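A.B. asks: Sequence:
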Amino acid sequence: MSRAAGRARAVVLAALLSAGFATDYVAPAAAQQGNNVPNALQGFAKNRDQPVRINANTLEVRDKDKIAVFSGNVVVVQGDTTMNTKDLFVYYDGSVGAPQEGAPMKQGQIRKLEAKGGVVVKTKEQTATGDSGVFMMADNTVTLVGKPVVLTQGPNVIRGQKLVVDLVTGVSKFEGGRVESLIVPGSVKENAPPGGAKPGAAPAPQGGAQQGGAPQGGQAPRR
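Positions -24 to -1, 1 to 199 (mature numbering (1 follows the signal peptide of the UniProt record, and there is no 0)) are the ones given, in order, by the sequence shown.
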């Protein structure tokens, strides 16, 4: 394959990956299992409107098998979420040809992503690590497998053998064995009330009125 063809296919695959991450993943609900349970994988859903950038040492396109392989120090960045892995296998549908100027990319062409050789997913506050990971586009699920899979957020740490995340509901579930967890109460900051108000503080009186209904200035009402 010529260098020009290789560059063209790399551009197409990057666009397909962007369509897969940005369109197929729905923002997760705020609810998660347990208190302060970290979910680093939600970053790919949260940043669905952001472009996807992929860097790797090599790219091999097996068009007959509909597989593209990014190999060697693979870095995937979308918004504030970064995934590092050794090899990334992209399984796609349809024909991957040179992009046409002004023609939109078809969505839903990515069926599955497989990250192998160690996986690290990071956001600003969260990290998930495992030996391998599978992103299923149709099901909106991510599965990390490792010995162990480690999920952290600040001082909170959860270890298990298999982590399954539903990107639609935001529910994280460990399977395949015993789970070890360290959860520090209150370690995740809650959203501060607007305007810097303290929780439970009474709202300021409107119109400058004081308690008891007296007008501003302390003068008694005329009779």
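No lab work stands behind these hints: they were computed from the structure.
Among the clues, some could well be false.
[Stated by the list, open to error] As a list, the in silico DSSO-like pairs of lysine-lysine whose alpha-carbon atoms are at most 27 Å apart:
no., residue 1, residue 2
1, 138, 123
2, 123, 62
3, 123, 149
[Claimed, not checked] Computed beta-carbon distance windows for the label pairs:
no., residue 1, residue 2, range
4, 38, 152, 29 to 35 Å
5, 145, 53, 23 to 29 Å
6, 49, 70, 26 to 32 Å
7, 163, 38, 43 to 49 Å
Note that the structure is a prediction, hence the values are computed from the model and not measured.
The beta carbon of each residue, even a glycine, is placed where N, CA and C say it ideally should be.
A.B. asks: Confirm or reject each hint.
C.D. replies: Now for the hints, and whether the structure bears them out:
A C-alpha spacing of about 9 Å is found between residue 138 and residue 123, which places the hinted pair at or below 27 Å, so the restraint holds. The hinted pair formed by residue 123 and residue 62 meets the criterion: a straight-line CA distance of about 17 Å does not exceed 27 Å. Restraint check: the Cα-Cα separation between residue 123 and residue 149 comes to about 16 Å, which is no more than 27 Å; the hinted pair holds. At about 31 Å, the beta-carbon gap between residue 38 and residue 152 stays in the expected band of 29 to 35 Å.
Range check, residue 145 to residue 53: Cβ separation about 25 Å, and the 23 to 29 Å hint holds. Checking the proposed 26 to 32 Å range against residue 49 and residue 70 shows it holds: the Cβ atoms sit about 28 Å from each other. Restraint check, residue 163 to residue 38: a C-beta distance of roughly 46 Å satisfies the suggested window 43 to 49 Å.
Figure legend: structure checked against the earlier numbered hints; every hint is met.
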